[in-house]
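For the protein sequence lines, the chains are A and B, in the order given. Using my numbering, you'd call the opening residue of the first sequence number 1 and step up by one each time. Using my numbering, you'd call the opening residue of the second sequence number 1 and step up by one each time.
Hints should not be assumed to be uniformly reliable.
Stated by the list, open to error - Under the rule of at most 27 Å between Cα atoms (straight-line distance), these lysine-lysine pairs were calculated in the DSS-like manner:
| # | chain 1 | residue 1 | chain 2 | residue 2 |
| --- | --- | --- | --- | --- |
| 1 | A | K49 | A | K22 |
| 2 | B | K116 | A | K49 |
| 3 | A | K49 | B | K118 |
| 4 | A | K22 | B | K116 |
| 5 | B | K118 | A | K22 |
Simulated from the structure, these hints should not be mistaken for laboratory data.
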Amino acid sequence: MTIHPPAATPPPLSPTHQLRVKLFAGLAAAASTRLLELPWGGGTAAELKAAVAAAVPAAAALVSSSGVAVGNQYIAPDATIPPEADVALIPPVSGG
Amino acid sequence: MPASSPRLLRGAINGQRLLAEVASNAAGANVLFLGTTRGVTDGVATQALEYEAHEPMAVAALETLRNEAMERFGLLGCRIEHRLGVVAVGEASVAIATSAAHRREAFAAAEWLMEKIKANVPIWKCELGPDGGRGWVHPDAMPGGFP
Chain A
1 MTIHPPAATP PPLSPTHQLR VKLFAGLAAA ASTRLLELPW GGGTAAELKA
51 AVAAAVPAAA ALVSSSGVAV GNQYIAPDAT IPPEADVALI PPVSGG
Chain B
1 MPASSPRLLR GAINGQRLLA EVASNAAGAN VLFLGTTRGV TDGVATQALE
51 YEAHEPMAVA ALETLRNEAM ERFGLLGCRI EHRLGVVAVG EASVAIATSA
101 AHRREAFAAA EWLMEKIKAN VPIWKCELGP DGGRGWVHPD AMPGGFP
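Model the full assembly from the supplied sequences, consistent with the hints where possible.
Here it is as structure tokens:
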């Protein structure tokens, strides 16, 4: 007989959990990547922008004027971003 | 996805095909707008433009705008295409075809759509200069604001 122990409770997310943030256009050029990995223990969209600006100082002004999208929908600055979210930073657009 | 849905494409835009797709016997006006790469802007030469997009969000935003234009202007047909990648001088980067019973609505819808695309749709252009220089174009703020 095999005894299956109950599934272990997952440990709480550490502050070093990595959040992947999609970058575009001038943001991607400044960061030299289209997918920025940041340590993330949870926080708001505004806090994420501050974290990206700190990680990529050359893009701080552009980050400041960017929107945050989770799961292809814009979210408000005070909305919370969970650690596993599909996040994108949307700089001011210039299509057409 | 319906055949009338907006598309992002990496090949050339075929404006005549878009016009044919919006045509109907009920239409008395058929408008085709093509936005093309300009060779000189404010005295500075452009070799080409390069476009990229947040593709799922851009297609969804274009679809929303198309549906709103159909209703707002009483259109009979509307097609939107936008290029991605490098677009040489003189080539079309964006196309809007509209059809309506009368010209006023067809013209107005095409202009309204272009304004909305430039203000809200997550697509970006990079200026490629003749000396190999590159520069992404970003207004100081989101032109249409964030929702």
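Holds or violated: A/K22 to B/K116, with C-alpha atoms at most 27 Å apart: Satisfied, since the Cα-Cα distance of roughly 24 Å is no more than 27 Å.
Given pair status - A/K22, B/K118, alpha carbons within 27 Å: holds (21 Å)
Satisfaction of hint between B/K118 and A/K49, Cα-Cα up to 27 Å: Holds, because 24 Å separates the two Cα atoms, which is no more than 27 Å.
Restraint check for A/K49 with A/K22, where alpha carbons must lie at most 27 Å apart: Measuring from Cα to Cα gives roughly 12 Å; hence the hint holds.
Satisfaction of hint between A/K49 and B/K116, Cα-Cα up to 27 Å: holds (26 Å)
Of the numbered hints stated above, none is contradicted by the structure.
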